Amino acid sequence: MSIVVGPDTKLVVSGLTGREGTFHGLRNRDYGTDLVAGVTPGKGGQDVDGVPVYDSIAEARGERGANTSMIFVPARFAAPAIEEAIDAGVETVIAITEGIPVLDMLRVYWKAKEAGTRLIGPNCPGVLSPGKANVGIIPAQFFDAGNIGVVSKSGTLTYQIGNELKQAGMGNSSIVGIGGDPIVGSDFIDVLTLFENDPETEGIVMVGEIGGDAEERAAEFISQSVTKPVVGYIAGFTAPPGKQMGHAGAIISGSEGTAEAKKKALEAKGVRVGKSPTETAQLAVEAMRAA
Amino acid sequence: MDLLEYQGKQLFARHGLPVPEGRHADTVDDAVAAANEIGYPCVVKAQVAIGGRGKAGGIKVAKDETEARAHSEAILGMDIRGFTVHDLWIEQASEIAAEYYASIILDRSEKKLLAMVSRMGGMDVEEVAETDPDALVRAHIDPAAGLDTDAARQLAVDAGIDDDVTDQVAEMLVKLTDVAVAEDATLLEINPLIVTNDRRVVALDSKATIDGSALFRHPELAELTDKSAEDPQEAMAKERGLTYVKLGGNIGILGNGAGLCMSTLDVVAQAGGKPANFLDAGGGSKADAIVDALEVITSDPNVNAILFNIFGGITRCDEIAKGIIEASRRIGIELPVVVRLDGTNSAEGLGILAEANLGNLHVERTMLGAAKAVVELAGGRS
Chain A
92 MSIVVGPDTK LVVSGLTGRE GTFHGLRNRD YGTDLVAGVT PGKGGQDVDG VPVYDSIAEA
152 RGERGANTSM IFVPARFAAP AIEEAIDAGV ETVIAITEGI PVLDMLRVYW KAKEAGTRLI
212 GPNCPGVLSP GKANVGIIPA QFFDAGNIGV VSKSGTLTYQ IGNELKQAGM GNSSIVGIGG
272 DPIVGSDFID VLTLFENDPE TEGIVMVGEI GGDAEERAAE FISQSVTKPV VGYIAGFTAP
332 PGKQMGHAGA IISGSEGTAE AKKKALEAKG VRVGKSPTET AQLAVEAMRA A
Chain B
116 MDLLEYQGKQ LFARHGLPVP EGRHADTVDD AVAAANEIGY PCVVKAQVAI GGRGKAGGIK
176 VAKDETEARA HSEAILGMDI RGFTVHDLWI EQASEIAAEY YASIILDRSE KKLLAMVSRM
236 GGMDVEEVAE TDPDALVRAH IDPAAGLDTD AARQLAVDAG IDDDVTDQVA EMLVKLTDVA
296 VAEDATLLEI NPLIVTNDRR VVALDSKATI DGSALFRHPE LAELTDKSAE DPQEAMAKER
356 GLTYVKLGGN IGILGNGAGL CMSTLDVVAQ AGGKPANFLD AGGGSKADAI VDALEVITSD
416 PNVNAILFNI FGGITRCDEI AKGIIEASRR IGIELPVVVR LDGTNSAEGL GILAEANLGN
476 LHVERTMLGA AKAVVELAGG RS
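Just so you know, the sequences run in chain order A and B. So for the first sequence, this note's numbering puts the first residue at 92; every next one is plus one. So for the second sequence, this note's numbering puts the first residue at 116; every next one is plus one.
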């Protein structure tokens, strides 16, 4: 079945007329994603290689039935573009843009939540459901279709792990890049929930990194609500501890935010954590064999 | 981006928060002139992005011009826990009746701003949180509604703030929230927030962190620099738009993508090596970026071997290969360089490297293999 993107995806790309938007939007289309429209205010009526461009997402939705929005606009315009997509009633918004101010994302997060919009990202490579649809910048050639779901904060590290899984004979139902920013639309728990309910997904690989407590909360969630096997990888054991600025940060965090703390939290709930991307792929193989 | 104390106080003043009168100075003569203007007693305060200034002798009260000069001479140029003092803040001395604590911080886990108040200020607030948690009152701020005066007053009351200054503390909290939203601050901490002898509430210190992603809409903040902790490699990297962190080891690292780069550091460390740096070449890197990156890495005298770990998605391995050749030509690298190229156009990239036939280049097919190779070349397990 896959999650988030698939054969029913009707994609509208905000920023399709820009260089990056064109490159990746058309790549997604060539992969088999149903790219129905692009949006650039002021360029309505144009087209990009036959894909109609509209002035607004609402129009793209009205005229072409777009149900998924990819946001590929510069950081200073990205939050308003996401809000526009939410207002237009699009079901899924995937924000690739890096560098969106965090307080903008705070506002956008709650708007999406209230509207019931599924928001992925920002600062993420997007979502790939091998053999079905690709929305974003994930290079699909390194992934095979299969039964392992991947959810990751990273970009290229995700491709590395996907490639290791492929070399180990494993394929993926969907690969979801949730992004590395402090506030993201969907975190590990949101995506784990989708994988748990997806008939095609039989095992899950979770890729985290230092900062925040999303992995720790996910560990708790896994022990309560996930029945499928999960293995993990955490990057950042060798990263230097963050400079302490004021002491307020130390008080509110549910975790020290270190790689070690995340590994411990996951292992305490029965999630095996690989020491390297290669070992993580091996653990996934073992987990599926044992399942 | 962290602001120095005086930069934070100037920001507060712009938004109408009460701060003591003060002047910035970066020479002894300017400091003395400032002290004379402000009047005595005044406080000569080192401006560095680290705590423990008082203990290190970086905060001194001057009761006359002679002392102002003596303190400024002693403090300017002082080393405080690895940070050099380039800036002074000369401030009117305050008479302190009470020391409180107030902060606004982004709680990324709850995805809301959090307001915190305590009547126990002027000390390690983490200690308060641990030993007397009820003394530290906190409340998340509703993203839509913000923090209104009534809610702020309730916080102050709950924190046991003196009755006669509750309103002032409440107003301070509301203004602090406004500053956070207006200036894209993810942390604003006032410790201590003092009550003067004549019962005025004043911010005696300031710690402020501004969201780096928002600097495009705060040009006056973007201009502020903190010279106190500039590592030469980090400064060089910043100039070239590279994300670089020095780690102190002897194996230079370059990866494309922050997660992959962190993973590379981990794998090298597991193989017994000591990474010299984190350097994210970023997605879509072209030859020029590789040249820049190599210049920064090799300018670190501790580096005696280099590892390139590239998994090209959007980044093309042939571009990376061209960059490596170009860099070798331009800056003549003699150190051993281990290269692992995988992903988009890896075959072309490897072909380009093979043809160039650089003696100091070692090509490895896997990430683990590359890590082991570079550790050996750097001088074995450390």
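A couple of the hints might just be wrong.
Claimed, not checked - Only some residues are given here: those of chain A computed to face chain B with a beta carbon under 7 Å:
1) Ile-228
2) Ala-259
3) Phe-328
No wet-lab data here; the hints were simulated from the structure. Every value quoted in this text rests on a predicted model; they were computed, and no experiment measured them. Positions of the beta carbon are idealized from the N, C-alpha and C atoms, including for glycine.
Here's how the hints hold up against the structure:
no.	hint	result
1	Ile-228	6 Å, holds
2	Ala-259	13 Å, violated
3	Phe-328	5 Å, holds
Hint compliance for this structure: hint 2 is the single one not met.
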